[in-house]
Amino acid sequence: MKLESVCGYVLALIAAPILLGVINRVKAFFAGRRGPPVLQAYHDLFKLLRKSAVYSGATGYVFKAGPLVGLAAVMLALTFMPFGGIGSIFSFNGDFLLVAYLLGVMRFGTVLAALDTGSSFEGMGASREVQFAALAEPALLLGMAVIIRMTGQLALADGLQSFSFGLTAASSPIIILLLMAWFIVFLVENARIPFDDPNTHLELTMIHEVMALDHGGPDLAFILYGAALKMWLIGALLVNLLIPAHTGNPLLDLGMFGAGMLLLAAAVGIIESTKARLRLLRAPQLLIAACAFSILALVLVLR
Amino acid sequence: MTENIMAVLILINLALTASSRLGGCINLVAVQGIAIGLLPLFAQEGLTLRGFLLAAFVVILKGIVFPRLLINTVRDAAVRREVEPFVGYGFSLMIGTALTVIAFWLGTKLPLSLSPSGMSLVLPGAIGTIFTGLFMIVSRRKAVTQVLGYLVMENGIAAFGLAVVSEIPLLIELGILLDTFVAIFVMAIMIYHISREFEHIDVDQLSALKG
Numbered sequence: 001m002k003l004e005s006v007c008g009y010v011l012a013l014i015a016a017p018i019l020l021g022v023i024n025r026v027k028a029f030f031a032g033r034r035g036p037p038v039l040q041a042y043h044d045l046f047k048l049l050r051k052s053a054v055y056s057g058a059t060g061y062v063f064k065a066g067p068l069v070g071l072a073a074v075m076l077a078l079t080f081m082p083f084g085g086i087g088s089i090f091s092f093n094g095d096f097l098l099v100a101y102l103l104g105v106m107r108f109g110t111v112l113a114a115l116d117t118g119s120s121f122e123g124m125g126a127s128r129e130v131q132f133a134a135l136a137e138p139a140l141l142l143g144m145a146v147i148i149r150m151t152g153q154l155a156l157a158d159g160l161q162s163f164s165f166g167l168t169a170a171s172s173p174i175i176i177l178l179l180m181a182w183f184i185v186f187l188v189e190n191a192r193i194p195f196d197d198p199n200t201h202l203e204l205t206m207i208h209e210v211m212a213l214d215h216g217g218p219d220l221a222f223i224l225y226g227a228a229l230k231m232w233l234i235g236a237l238l239v240n241l242l243i244p245a246h247t248g249n250p251l252l253d254l255g256m257f258g259a260g261m262l263l264l265a266a267a268v269g270i271i272e273s274t275k276a277r278l279r280l281l282r283a284p285q286l287l288i289a290a291c292a293f294s295i296l297a298l299v300l301v302l303r
Numbered sequence: 001m002t003e004n005i006m007a008v009l010i011l012i013n014l015a016l017t018a019s020s021r022l023g024g025c026i027n028l029v030a031v032q033g034i035a036i037g038l039l040p041l042f043a044q045e046g047l048t049l050r051g052f053l054l055a056a057f058v059v060i061l062k063g064i065v066f067p068r069l070l071i072n073t074v075r076d077a078a079v080r081r082e083v084e085p086f087v088g089y090g091f092s093l094m095i096g097t098a099l100t101v102i103a104f105w106l107g108t109k110l111p112l113s114l115s116p117s118g119m120s121l122v123l124p125g126a127i128g129t130i131f132t133g134l135f136m137i138v139s140r141r142k143a144v145t146q147v148l149g150y151l152v153m154e155n156g157i158a159a160f161g162l163a164v165v166s167e168i169p170l171l172i173e174l175g176i177l178l179d180t181f182v183a184i185f186v187m188a189i190m191i192y193h194i195s196r197e198f199e200h201i202d203v204d205q206l207s208a209l210k211g
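Taken in sequence, the protein lines are chains A and B.
Residue 222 in this note's numbering is what sits at position 222 of the first sequence, and the numbering runs on without skipping anything.
Residue 72 in this note's numbering is what sits at position 72 of the second sequence, and the numbering runs on without skipping anything.
Excised from the complex, chain B in its bound form (with noise of 0.2 Å):
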């Protein structure tokens, strides 16, 4: 079951890259973020109650809360869809699958063993995540679809200690959860009132000057 969810999470990253409407992106990263709730309730060690609490934390933030608070964002900043990245959709499209590559060959380097045959999933799929987080980061113009690309690398970083390091304590997830909680909140936030200022939320532009 880890290993479809994995494969969910890469098929997510590909479509991400390549689609250029914010709300088809924001409910894409949304089933992200809800199948990547998942992975705790099938850990090594089953079904206990600090997995269902953290399963339970995750999908009702990153599935509910997250795409709530951006989708109400984008709405207020009307905009419907991103134009004109640094990077074209196509050509993106083929930067996230040599990402991907790229991590399904970091994934066998990593000393790391999950699985004594070596052929999981979960390393490439963590790793592929962040990539893809970082990629959107850096090639979008828009504060939203950056902001996007935050919580993609976020996902890549919790499926890899959800699904890699069980021995976390619950407290710290949650407090890594609620840092995420209020960096995306202080982030709508703010793209919300870049909007209101500037009548766009081109980030790129936000270097020029303006009396």
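The shape of chain A in the complex, shown without the other chains (with noise of 0.2 Å):
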């Protein structure tokens, strides 16, 4: 464990949230307007954690439970995340499995927490994250099998940091084709337009957002805050793909690195202001053409 390791994980807890602030701030601009404050998620946690939390007569331990498994699970997964040159705090060969398996556990407590509501609202949410889920989980392991293959490394950390502008140019293809399936990825898993859309509140449309419904106070901050650090997290997978640069020096990689989350953030922004939300039955088409995209980068990977 290297300081500079420590150092990365904890500018990733600080940053997280801006990301949705650049999100917003794109798509306010795009709509002609001024927006909230880049830093609006931060006010918005505070406010949160300074309530006291409502509990309903028919919830268990499961609804409390469901927002702490949420976050400690999606932190723990930030730990085997390289940031651009820094390594990871831990590493070990097949962490792969694990970092996509926290994150299923971290869907697996909102689920269960919005099922433990008895809502039938929030079941027919969780009903669609799991559906949704289902179909991008493969998108996601196939890419990161195609890693391992390219680079010959089993180490999540490892293997991303083996990339190269030389190795990314001989094999472009397959580098794009696995950008296209994780940024498909990307967008359903944190929830985004063409998916979802997280600023309505529409019963007909919401996936993310409906299981989030009768959690308050620090509750809805944990899985807030665990929302932004998700999409922090499978934003470094691709950033790492993209901007494979470690020039050795941290600062000048955190900073790269950092640079590439804040130009993706504004990718993002562009999508949702000029893409319609998708209709529900389409979504799983677009998951399985990221399916066909992996598979198809893992075919030319391995001939």
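Treat the hints with care, since some could be wrong.
Which residues of chain B face chain A? A partial, calculated answer using Cβ under 10 Å [what the hints assert, rightly or not]: (1) 4; (2) 7; (3) 57; (4) 101; (5) 107; (6) 187.
Covered, in the sense of this in silico footprint (three residues per stretch, anywhere, with C-beta under 8 Å from a C-beta of chain A), are these stretches of chain B [what the hints assert, rightly or not]: (7) 84-95; (8) 144-158.
Chain A residues, not near chain B, derived (Cβ > 10 Å throughout) [what the hints assert, rightly or not]: (9) 50; (10) 52; (11) 151; (12) 154; (13) 179; (14) 289; (15) 303.
If you're looking for bench data, these hints aren't it; they were derived computationally from the structure.
Cβ atoms here follow ideal geometry from the backbone N, Cα and C, with glycine treated the same way.
Build the complex from these two chains, which are given one at a time in their own frames, with help from the hints.
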């Protein structure tokens, strides 16, 4: 465990909610508004943390545990993720699977908490979340298999860090396929347009938001913060592939990585401003397309 | 460059299996035809008059003439999109991916050695395109999509021929193109007549008697 890895991790914990602010600012720019301040997510989080939670009499301990489990799982998953040239805190062979399943644990916690409320409305959201996740996971895992096969490294940090601009240019079709597949996964896992609109509360369309409806106070803050961390985690996968720069200078690496994350957030904002939500029935088709891209990338690597 | 064209071909195949808009499908097939037309320009022997003529003919026919014919037909028959294919679009996409994987496997098995490393995309791309065309013919209800499937299959065969065998005389290539042209022409007229007679172009219902 190196000091700079810990610094990178702490920076990720601090900086994750900025992504939401950037996305909202880009969307506001496209709509011709001024938009909320970039740091609005922090204000929201602190406001929620100062409140006290209200629990329905129909809910049990699962409802209270859900947000905590989710936040803990994603914080643990983040320790395996390298940030630019800076290595991860923990790393062992096969931690790809652990990261994927920690995301699964996070989803499991949220879904169970939603089901525990007994509201049919939240059950609907849980069902949708699980349906989309079941289709997004193969794309994520097959993409990780591509990285293992390309680099020969069995650990996530080693695998992502053995990419360089030379290797990326030589196998550009594979990297492009992988980026497309993971970008779709990124959008669906973070409940973004075209799969879900995080800013509306329309019952027909909600997926992620509907599961957090009955949470309040610190619980809601944990869920929001966990979602921001998840966005940072999956975004880091993309940025590590997109900008495979390892200069050796930790500050420079971290700067380039941060710039990449901001670019990614801006890209998401542009997509959200220019695209409409998909019909719920069409969304699985796009996810299958993501799986198809991952499979194609795997076939190209295996040849 | 040949490799990149083949990659475009494979991606267009996948998009075709998942698309329900007839206009979008026709445009995709047109782009595929143009990509195939560019193949002779990058053949092994370099830029020759024969390759240039072939490229010009293929691009004009497959990129401009066929799509215009089909778009006119679709407009006259007043259909915008395919509804209820025999196989749903998500499942079609999975099958399309599986077909591509099979094509890659077949590409390694065939004794044709194109490039010494055996890493070429040419064989898998061409075989995958043929498979996709066949799949579109058997899995779609509307006559227009079936014609598109036939065109895609033809594209695959042409890609195979243009990229693998560069020794086919120009006249034979042009003869094949003429055959395809006549086939598409006749099919477009047929679709028009079917839609005028029956008010739809759903070939599945053609077997029912109509008084």
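Evaluated hints:
1. For residue 4 of chain B, the interface hint holds, the least distance from its beta-carbon to any beta-carbon of chain A being 8 Å, beneath 10 Å.
2. Hint status for residue 7 of chain B: holds, given a least beta-carbon distance of 6 Å to chain A, under 10 Å.
3. Taking 10 Å as the C-beta contact cut-off toward chain A, the hint placing residue 57 of chain B at the interface is violated, the least distance being around 29 Å.
4. Checking residue 101 of chain B against chain A: minimum C-beta separation of about 6 Å stays under 10 Å; hint holds.
5. Evaluation of the residue 107 of chain B hint against chain A yields a held restraint, the C-beta minimum of about 8 Å falling below 10 Å.
6. Taken as an interface hint, residue 187 of chain B does not check out: its beta carbon lies about 28 Å from the nearest beta carbon of chain A, beyond 10 Å.
7. Residue count for the stretch 84-95 of chain B with a Cβ under 8 Å from a Cβ of chain A: 4. That meets the three needed, and the coverage hint holds.
8. With 0 residues carrying a beta carbon less than 8 Å from a beta carbon of chain A, the stretch 144-158 of chain B misses the three-residue requirement, and the given coverage is violated.
9. Under the 10 Å C-beta cut-off, the non-interface status given to residue 50 of chain A relative to chain B holds; the minimum distance is some 46 Å.
10. Non-interface call for residue 52 of chain A relative to chain B: holds, since the shortest CB-CB distance, roughly 45 Å, exceeds 10 Å.
11. The beta carbon of residue 151 of chain A sits about 18 Å from the closest Cβ of chain B, which is more than 10 Å, so the claim that it is off the interface holds.
12. Against the 10 Å criterion, residue 154 of chain A stays outside the reach of chain B, whose nearest CB is about 24 Å from its own CB.
13. Consistency note on residue 179 of chain A: stated as away from chain B, and its beta-carbon is indeed over 10 Å from all of that chain's, at 14 Å minimum.
14. Annotated as non-interface, residue 289 of chain A brings its C-beta within 10 Å of a C-beta of chain B; the closest such distance is 6 Å.
15. The beta carbon of residue 303 of chain A is not kept farther than 10 Å from every beta carbon of chain B, the shortest such distance being approximately 6 Å.
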